[in-house]
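So the protein lines, in turn, are chains A and B.
Residues in the first sequence are numbered from 0 upward in steps of one, following numbering that gives the first Met the number 0.
Residues in the second sequence are numbered from 0 upward in steps of one, following numbering that gives the first Met the number 0.
Calculated directly from the structure, the hints in this document are not laboratory data.
Treat the hints loosely; a few may be bogus.
Unchecked claim - Stretch-level coverage of chain A by chain B, calculated; a stretch enters the list once three of its residues show a Cβ under 8 Å from a Cβ in chain B:
1. 69 to 78
2. 120 to 127
3. 130 to 137
Unchecked claim - Calculated cross-link-like contacts (lysine-lysine; reagent style PhoX-like; alpha-carbon spacing at most 25 Å):
4. Lys147(B) with Lys106(A)
5. Lys131(A) with Lys53(B)
6. Lys131(A) with Lys73(B)
7. Lys90(B) with Lys53(B)
8. Lys147(B) with Lys80(B)
Even glycine gets a Cβ: it sits at the ideal position worked out from N, Cα and C.
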Amino acid sequence: MERKILPADVLSAYEDFSSRTLARIPTAIERLIYIASTRDYNSGLYHHDGLASRFSAGAAAKALQFAHIEAFHAVSAMPLRELSDKIQQYMKSSREEPSAFLNAWQKLEPYRVAIPMEVDPTIAELFVSNVKIALAILRLHLLRQTDRPSGALQLPSLGPRSLPPLRS
Amino acid sequence: MIYASLIAALLLLLALVALIARSLQTAGQPQEAFSLDDRKNAVNDALNLEIFLKAFGDDDQRFVETLGDSRVQKLLAYERKRIALRWIGRKTADARGIMQAHVRRAREAKDLSVSAEIRLALQYVELLALFEFLAISVLIFGPAGLRKRALWTNAILSDMKRFGQSAVPDAVVR
Numbered sequence: 000m001e002r003k004i005l006p007a008d009v010l011s012a013y014e015d016f017s018s019r020t021l022a023r024i025p026t027a028i029e030r031l032i033y034i035a036s037t038r039d040y041n042s043g044l045y046h047h048d049g050l051a052s053r054f055s056a057g058a059a060a061k062a063l064q065f066a067h068i069e070a071f072h073a074v075s076a077m078p079l080r081e082l083s084d085k086i087q088q089y090m091k092s093s094r095e096e097p098s099a100f101l102n103a104w105q106k107l108e109p110y111r112v113a114i115p116m117e118v119d120p121t122i123a124e125l126f127v128s129n130v131k132i133a134l135a136i137l138r139l140h141l142l143r144q145t146d147r148p149s150g151a152l153q154l155p156s157l158g159p160r161s162l163p164p165l166r167s
Numbered sequence: 000m001i002y003a004s005l006i007a008a009l010l011l012l013l014a015l016v017a018l019i020a021r022s023l024q025t026a027g028q029p030q031e032a033f034s035l036d037d038r039k040n041a042v043n044d045a046l047n048l049e050i051f052l053k054a055f056g057d058d059d060q061r062f063v064e065t066l067g068d069s070r071v072q073k074l075l076a077y078e079r080k081r082i083a084l085r086w087i088g089r090k091t092a093d094a095r096g097i098m099q100a101h102v103r104r105a106r107e108a109k110d111l112s113v114s115a116e117i118r119l120a121l122q123y124v125e126l127l128a129l130f131e132f133l134a135i136s137v138l139i140f141g142p143a144g145l146r147k148r149a150l151w152t153n154a155i156l157s158d159m160k161r162f163g164q165s166a167v168p169d170a171v172v173r
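In isolation and in its complexed conformation, chain A is listed as follows (with noise of 0.2 Å):
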C-alpha cells in the first residue's frame, strides 16, 4: 500500500502509531493480531485511545486501518517457512501448551478474525489457506517431537536459522 496517498493527519497518526507501538510488537502476525484486537467486532471500527487523544478520533480510526491493511498483507507474502517460523515464536510467547494451542487455532480458526474488511477476497483465502498449512506443520513439528526421544533425528529447521525446539 502507498503511504503517500493517505491524508496528512491520518499519516502523521500512522507514523506515530508505528513508531510507538508497533516498533515495539517483535512479530509480523503478532502485530496483524495486536491491530485486528483495536477493531470492535461489532461496529468493524477501529478505535486507541491513546492514538486518538493525540490525533482525532477519525485520523486514528484511518491510520489503525491502514496499519491493520499493511500488516495483513505482510503476513499474507509471507514464505511457509516464515509464516510457520512466526506462528511458532507467537505460540512461544502465548505461553500456552502447544498442544492446547495448536488444537484451538486448527479447531476455532480465531485467526479469521485478524482479516481486514477491506482486502481482497482471495488474498484473504490465500492467507486463511497458508495459515492452515502452517498450522499443518507445526502440529507435524510436535508430533515428531513427541514421537521421538531427544536426541533424535532433527527435523529441518523452520526458519533460516535453527529454532529451539517447542518443549525445553
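Given chain A's structure and the hints, the job is docking chain B onto it.
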C-alpha cells in the same frame, strides 16, 4: 445487376474499413489522467497480484518437500489448487462485470465507436477462453504454470477495464 451489387458491396466494405480506421485512431489517443481512486485501486491490484503470485512460486513447495510428510504435501497441493481456481473464478466474474457494465452504458451512448466495441468484444471472448483454459489446466496439472498465464490474463483484464472506460467516456467502470 451482379456487377452493380458487387460494386455496392465493395463500397460498403471500404466505408466500413474507413470507419474502423478512424475509430482506431481515436481509441489510440491518450486517455485522461487517472484519479486518486484509480491510482489507489491500481496500486492495490498490483500488490494483490504480487502476493497471490508469490504463493505459486517454488519456495513453499521445496520447503514442504524437505519435511518429508505426504499429508502436508497433499494439503499444500490441495490448498494451492483451490486458491488458484477461486482466483480464476473471481477474475472471470470481474470480466463479466466489466462487460455487463459496458453493455448497459453502451445502450445509452450516442456515438459508439465500432472498432472499440469490436476490440472490447474480442478481448472479452479471449479472456473467457483463457480463463476456461487456465481452469482446466489447473484442474489437470495443478497451479504450477499459473504465474505466467495469470500475469497475461491480468494484463488483458486491466486493458479491457481501461478500454471499456474510454470507449464510453461518460461511464465509470468499477
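Next on the checklist: What's the verdict on lysine 90(B) and lysine 53(B), does the C-alpha distance respect the 25 Å limit or exceed it?
Outcome noted: Holds: lysine 90(B) and lysine 53(B) sit about 18 Å apart, inside 25 Å.
Checklist entry - Hey, lysine 147(B) versus lysine 106(A), does the alpha-carbon distance stay inside 25 Å? => result The hint is violated at about 36 Å.
Item to check | Claimed coverage, the stretch 130 to 137 of chain A by chain B - three or more beta carbons nearer than 8 Å | outcome: holds (count 4)
Checklist entry - Does lysine 131(A) pair with lysine 73(B) here, judged by a C-alpha cut-off of 25 Å? => result holds, 13 Å
Item to check | Given pair status - lysine 53(B), lysine 131(A), alpha carbons within 25 Å | outcome: Answer holds: lysine 131(A) to lysine 53(B) is near 17 Å, not above 25 Å.
Checklist entry - Taking 8 Å as the C-beta cutoff, is the stated coverage of the stretch 120 to 127 of chain A by chain B satisfied by three or more residues? => result Check passed, 5 qualifying residues.
Checklist entry - If you draw a straight line from the CA of lysine 147(B) to the CA of lysine 80(B), is it 25 Å or shorter? => result The hint holds at about 16 Å.
Checklist entry - Under a C-beta cut-off of less than 8 Å, do 3 or more residues of the stretch 69 to 78 of chain A approach chain B closely enough to confirm the stated coverage? => result n = 4 at 8 Å, threshold three: holds.
Violated hint for the displayed structure: number 4, the only one.
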